[in-house]
Amino acid sequence: MIKLKNVAKTYDDGKTFVVKDVSLTVNKGETLVLLGSSGSGKSTTLKLINRLTELSAGDIEINGQDIKSFDPISLRRSIGYVFQGIGLFPHMTIAENVAAVLRILNYSIAERRDQAYQLLNLVNLDPAKFADRFPHELSGGQQQRVGVARALAADPHFLLMDEPFGALDAITRDDLQAEVLRLNQELRKTIVFVTHDIFEAIRLGDRIAVLHQGQLQQIGTSHDILANPATQFVEDLFAKSKMQCANLIEQEK
Amino acid sequence: MSDMSLIHYVAAHSVELLEKTYQQCYLVGFSMLFAIVIGVPFGIGIAYFKRIRGPVLWFANILQTIPSLALLTFLLPVFGIGAKPAITALALYALLPIIRSTYTGIQSVPEASLNAARGLGFTRWQRMWLVELPLALPIIISGVRIATAISVGIATLAAFIGAGGLGDFINQGLALNNMRLVMLGAIPAAIMALVLDFMLGYIEKKLSMRRVAKPTRRRNIIMIMTCVLLIAFAGFAYSHWFTKHKTRIVVATKQFTEQFIIGQMISQLLAAKTNFDVVEKPNLGTTAIITQAMKRGEVDIYPEYTGTAYLLVLHKKKILTPKATYDFVKKAYAQRYGIQWLKPLGFDNTQALAVRQAFANAYQLKTISNLLPIESQLVIGAPPGFIGRPDGYIGLKRVYHLHFGAVREMYPSIIYKAIVHKKVNVAMVYTTDGRITADHLLVLKDNKHLFPPYDAAILVRKATLKAHPQIAKILAPLAGLITNKIMQTMNYDVDIKKQSPAYVAKEFLKQHHLI
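Just so you know, the protein sequences line up as chains A and B, in that order. Just so you know, the first sequence maps onto residues 1 to 253 in the working numbering. Just so you know, the second sequence maps onto residues 1 to 515 in the working numbering.
Simulated from the structure, these hints should not be mistaken for lab results. This structure is a prediction, so every number in the text was calculated from the model and none was measured. Mixed in with the good hints, there may be bad ones.
Capping the alpha-carbon separation at 30 Å, the derived lysine-lysine pairs in BS3-like fashion look like this [as the list claims (entries may be wrong)]:
#	chain 1	residue 1	chain 2	residue 2
1	A	47	A	5
2	A	189	A	47
3	A	129	B	206
4	B	497	B	510
5	A	47	B	50
6	B	331	B	473
7	A	129	B	205
8	A	189	A	68
9	B	295	B	448
10	B	50	A	15
11	B	448	B	331
12	B	366	B	448
Using the sequences and the accompanying hints, generate a full structural model.
Below, the structure is given as structure tokens:
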């Protein structure tokens with residue numbers, strides 16, 4: 001469980017806030033989508049959780065424990081992190097990339113290799129074919145599958161995904177979204193997923209948190225939000241594609 | 001030169017060639033090692049800390065602009081002569097490319113990789129070791145490659161301060177006007193630069209290609225190459241440190257023919273009559289360098305001229321008679337530097353005016369004063385700088401009131417051609433030059449003592465003499481034995497007939513039953 005209490009982030013001593021007074025809870029095994037346009041503070045909120053960015057005010061608890069009591073390095077190692085830039089290490093093979101966290105956790109070479117093969121299977125990449133290749137030999141979609149596998153390497157309970165499929169084409173994105181749904185059924189991780197794509201939010205999120213200008217507008221299931229938008233902003237956001245959203249919500253049920 | 005003679009020439013010098021090549025490798029290898037050990041951390045430092053970037057690059061840039069010979073000379077008071085200052089200078093030159101390439105390499109690491117490393121929980125060190133340095137490595141190696149190429153070139157200059165290496169051949173070849181000897185140093189140096197460049201280029205390529213195919217085989221290649229290099233280094237270092245056993249006597253010379261010949265006489269005599277380990281340093285460029293080295297005890301023996309010591313080292317101006325000059329420098333050197341002047345060798349390598357024998361006969365010329373009646377017809381060939389020097393034209397005008405019809409400044413080797421072909425009728429020469437006899441020139445007597453005396457003598461450190469008094473006894477027979485005429489002939493044998501200084505010295509010693 002991840003709990004945010006009155007969380008805020010400012011870069012100019014409180015003149016402006018990137019994130020302002022956000023409180024929300026991510027339940028165990030749940031996928032919560034942070035939905036918002038660029039500048040809404042959704043990515044910053046995510047980075048506050050694994051302390052890639054430090055809080056200006058408020059508290060964040062993970063399983064009831066304040067994140068400030070953790071060493072940031074070990075905190076990050078216990079939380080999987082996937083982002084749009086993917087950031088595979090170009091000088092390492094795919095297997096080495098997947099096992100990167102295991103390497104810094106001092107696993108043996110055999111264990112690393114073993115684990116990497118299992119993880120590649122998990123994200124539907126044939127290890128025999130991919131393990132010894134280098135990142136630039138893979139397509140964008142394949143690279144992000146490796147990115148996901150890498151984030152799962154240390155078997156974290158939590159997974160932070162920062163617009164992971166934002167740079168991929170529609171078909172590949174669709175595949176990967178399906179992949180995430182399948183994985184989640186298998187693994188039951190607690191996931192915080194950031195996106196600006198309403199359909200992605202509806203498809204992947206157990207609940208959706210809508211952010212605008214650093215403030216939380218509404219949090220709830222896609223059905224609730226569509227039926228009872230809490231603010232004008234939320235209503236406008238869904239209005240344009242209301243029919244499609246409704247259809248999609250029906251399908252997902 | 002035919003191919004056969006070249007092969008024979010190389011074969012005849014093969015032992016020496018191997019030794020000099022080894023010295024060159026030693027200089028380049030160790031200087032690069034130090035430059036990498038210092039440069040890479042600095043490169044990383046300026047990539048992480050913006051504030052020190054300016055000063056560090058500024059400093060490395062300044063180092064780069066110091067002329068190599070000047071830097072080598074600056075380092076003399078601190079490190080003395082030999083390999084130490086040379087390695088230091090080479091390492092300093094190599095710093096800029098290495099610091100720069102390390103910095104560029106680290107800057108070029110993709111932002112996404114760094115973010116990923118941070119997000120996955122890498123510590124600062126892990127990010128550096130596992131991500132930044134491996135990704136920067138090909139660029140760092142390219143910097144090392146540039147630095148190595150520069151080092152191989154500059155290392156040849158290290159011969160000036162007695163560091164050895166292939167530069168010994170080049171310097172001696174230039175001093176002796178012997179192109180084959182120059183080639184013997186220059187060609188292997190060029191080959192070495194190419195081979196090292198190829199090897200580093202190969203490593204660089206393999207490292208960047210590591211992102212393409214299977215890594216294991218490539219790792220082996222790099223491992224093997226590293227091992228070979230390490231073994232080679234170990235060998236070099238071992239043989240270098242192993243040679244320090246019996247009493248070393250270092251015989252140095254400056255960089256011209258006559259000095260080489262006298263130096264050879266000294267070392268051959270000592271080698272024949274003692275069991276010292278006689279080390280020759282035949283290339284110590286300037287008087288200042290040798291004098292420093294003598295004071296520090298890095299050189300034991302070398303031939304010097306009274307005039308040079310008097311004017312250049314002791315900074316005296318008033319011209320004395322040869323005897324008075326010798327007495328003065330002998331006393332001063334003994335008191336100030338702890339250096340003993342042995343008795344003069346017998347020749348005097350001073351400046352002089354010379355004319356063709358036939359020309360002298362026609363006008364009854366014996367002294368410089370004799371030139372006065374015909375001064376307006378005279379055209380003098382002199383080395384560059386003659387017009388402005390107090391011991392050149394200015395002195396001739398002041399002391400002799402001599403005004404030439406024309407003055408032609410030219411390089412020394414051209415002066416002889418010019419006078420032989422009657423393009424000039426007076427030549428400024430040095431009195432022991434072999435071409436004076438060969439070209440049938442007559443040296444005019446300096447009857448008003450304008451030119452300072454340059455009597456040659458052997459200098460030995462007093463400490464060395466005290467420890468090994470037999471040295472004075474062994475060298476004593478040379479005193480007064482070598483006249484200007486003999487020295488001219490020996491210089492001629494080396495300069496024009498292309499005999500080696502060692503051979504000429506040996507023949508002389510044999511002829512006088514000294515060995």
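ask   = So which of those numbered hints doesn't the model satisfy?
value = 9
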